Amino acid sequence: MRIFLAASAVLLSVLAPQSAAIFLNITDDASIREAASTIAYGMVKYYDGNVTNNPWTIAVLPKPYYWWQAGAMWGLLLDYFHYTGDDSYNNITTQALLSQVGPEFDYMVPLYNLSEGNDDQAFWGFATMSAAEKDYPQPTIGNYSWVELTENLWNTQVRRWNTESCGGGLKWQIFDFNKGFDYKNSISNGAFFQLSARLARFTGNQTYVDWAHKVYDWTRSIGLITDDYRVFDGTDDLKNCSETNKIIWTYNTAVFMYGSAVLYNYTNGSSLWAERTQGYLNASAGFFSPYSNSTNVMYEPACETVNTCNTDQFSFKGYLSRFMWATALVAPFTAEAITTYLTASSLAAADSCTGGTDGVTCGARWYVPGWDGKLGVGQQMSALETIQGLLSSKSLPPLHSNNVHLKASPSETPSAVPLPTKTETASLTTSKKSGGTRSGQTSRRLWVVTGILLGICLLTGL
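By our numbering, the letter at position 145 of the sequence shown is numbered 145, and the numbering carries on one by one without gaps.
One or more hints might be untrue.
Unchecked claim - In silico DSBU-like links for lysine-lysine, alpha-carbon gap of 35 Å or less:
(1) 246 <-> 214
(2) 374 <-> 246
(3) 246 <-> 63
(4) 134 <-> 394
(5) 63 <-> 374
(6) 239 <-> 214
(7) 179 <-> 214
(8) 374 <-> 394
(9) 374 <-> 179
(10) 179 <-> 246
(11) 134 <-> 374
(12) 134 <-> 214
(13) 179 <-> 63
(14) 63 <-> 134
(15) 179 <-> 239
(16) 394 <-> 214
Stated by the list, open to error - Pairwise CB distance ranges, derived in the manner of DEER restraints:
(17) 85 <-> 217: 38 to 44 Å
(18) 161 <-> 397: 25 to 31 Å
(19) 401 <-> 163: 27 to 33 Å
(20) 296 <-> 217: 28 to 34 Å
(21) 295 <-> 161: 40 to 46 Å
(22) 296 <-> 31: 16 to 22 Å
(23) 110 <-> 291: 44 to 50 Å
(24) 397 <-> 306: 36 to 42 Å
The set of hints was computed from the structure by calculation and includes no laboratory data. Here the structure is a predicted model, which means the values were calculated and not measured. Glycine included, every Cβ here is placed at the ideal spot set by N, Cα and C.
With the hints as extra help, turn the sequences into a complete structure.
As structure tokens, this is what we get:
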């Protein structure tokens, strides 16, 4: 396993770029794996939890990154292992996923009360669901399998289905002291829809099917999904969802596209879910080809061309790539169009990875020649999700519960030990900003030791 650099070293990579670049031959699997390996290494350099083995840094990224994006990164690395066969990051991925289960094994972590929303929690659920579907070695803590951890998470969200306004829906925020609590947004509801669809396919449980339909129908009825499958960001439940925030982000379309594709697959080709999957694929055309000389190159229309993307938003393209590649596996009628889009985007993404002191740091705007001077975890994630997916057609599609190992053997994963954790006291000051963006957490926090969080996995082999 590689020895990773601390996050502080990464910050220096903005200086004195070299001319190394990443070479990508899309017809050569070895070239794809090498490109993915280089980008993955650059991404994991931002993570220092494995360097210090400090319980406060395990599983999470340094500021300014939120807890949710770490969950998204571990989900990405599960795909990386699945597509490339490179297990370099499996130990830290397992450790990270198990360290954040929370006292009830449902990814409700007291430490992050000031930032954890329904969407944040769901990104960790995407990771555990992927672990289940990929038959990733099962955890050895709490006697829970990956799918059971996902079900625990899902059960917390179904209890939050809010009918006090708008006839239903999940609020963005979980806690009423977080700004955005009165906002019902597409990513929270779309993620809940997708997890319901994936749990339905994996377990065969009709309850998940029913909830997938319910969430989808509510989101459509409230006006967040249009007749032509555009997905708006959210709506104010203090106004009974009578007005919508019409900003469009790539990842909102992505979560609904893949959830629809999963249900198409689960229903053995339902025309309804085929139509919806195709509808989102058609709508996603708006996320490609920003200029005449950048045909089929992905971009984030809401912020990229005007240079206003924030730390979170730099990663959004990665989720579109992740779920488009996944859609092609479970709904093969989409594969040709998706491959056309993402092949061109992969080449453009690789061309952007010419920055930093290492000469292979990836940028944000793939439609400009070379590196655009933007660097960060989100930029690495977006490039990696897009490029590693070139190998997806040769990988197994997501499995069902009847063909995975649902219990772990002691040798499959590191054992867990209890370590102290700390939590934030509730605060009425702003921790997030509504309307599809995220802002900094409160400037003053009171940290207290509150007990034991089971699930910190000891990392071995470094």
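Evaluation of the provided hints:
1. For the given pair, residue 246 sits about 22 Å from residue 214 by alpha-carbon distance, which is consistent with the 35 Å threshold.
2. The straight-line distance between the Cα atoms of residue 374 and residue 246 is roughly 27 Å, inside the 35 Å bound, and the hint therefore holds.
3. About 29 Å separates the Cα atoms of residue 246 and residue 63, which keeps this hinted pair within 35 Å; it holds.
4. About 14 Å separates the Cα atoms of residue 134 and residue 394, which keeps this hinted pair within 35 Å; it holds.
5. Distance restraint check for residue 63 and residue 374: the Cα-Cα separation of roughly 17 Å lies within the 35 Å cut-off, and the hinted pair is therefore satisfied.
6. As the CA atoms of residue 239 and residue 214 are separated by approximately 22 Å, the hinted pair is consistent with the 35 Å bound.
7. With a C-alpha separation of about 26 Å, the suggested pairing of residue 179 with residue 214 holds against the 35 Å cut-off.
8. The suggested pairing of residue 374 with residue 394 holds, with an alpha-carbon distance near 32 Å, which does not exceed 35 Å.
9. Distance hint between residue 374 and residue 179 is fulfilled; the C-alpha atoms sit about 29 Å from each other, no more than 35 Å.
10. Note on residue 179 and residue 246: the hinted pairing holds, with a Cα-Cα distance of about 19 Å set against a maximum of 35 Å.
11. Restraint check for residue 134 and residue 374: the C-alpha separation of about 33 Å stays at or below 35 Å, so the hint holds.
12. As the CA atoms of residue 134 and residue 214 are separated by approximately 27 Å, the hinted pair is consistent with the 35 Å bound.
13. With a C-alpha separation of about 20 Å, the suggested pair residue 179 and residue 63 falls inside the 35 Å cut-off, and the hint holds.
14. Note on residue 63 and residue 134: the hinted pairing holds, with a Cα-Cα distance of about 31 Å set against a maximum of 35 Å.
15. For a cut-off of 35 Å, the pair hint linking residue 179 to residue 239 stands: about 16 Å separates their Cα positions.
16. Taking the CA atoms of residue 394 and residue 214, the gap is near 34 Å; set against the 35 Å cutoff, the hint holds.
17. In this structure the hint that residue 85 and residue 217 lie 38 to 44 Å apart at CB holds, the actual value being about 40 Å.
18. Distance hint check: the CB atoms of residue 161 and residue 397 are about 30 Å apart, consistent with the given range 25 to 31 Å.
19. A beta carbon spacing of about 31 Å between residue 401 and residue 163 agrees with the range 27 to 33 Å that was offered as a hint.
20. The hinted range of 28 to 34 Å is satisfied by residue 296 and residue 217, whose Cβ atoms lie roughly 33 Å apart.
21. Here the CB-CB span from residue 295 to residue 161 is close to 42 Å, well matched to the stated 40 to 46 Å.
22. The hinted window of 16 to 22 Å between residue 296 and residue 31 holds, with their beta carbons roughly 20 Å apart.
23. A beta carbon spacing of about 47 Å between residue 110 and residue 291 agrees with the range 44 to 50 Å that was offered as a hint.
24. Under the hint 36 to 42 Å, the C-beta atoms of residue 397 and residue 306, about 38 Å apart, fit the expected range.
Checked against the numbered hints above, the structure breaks none of them.
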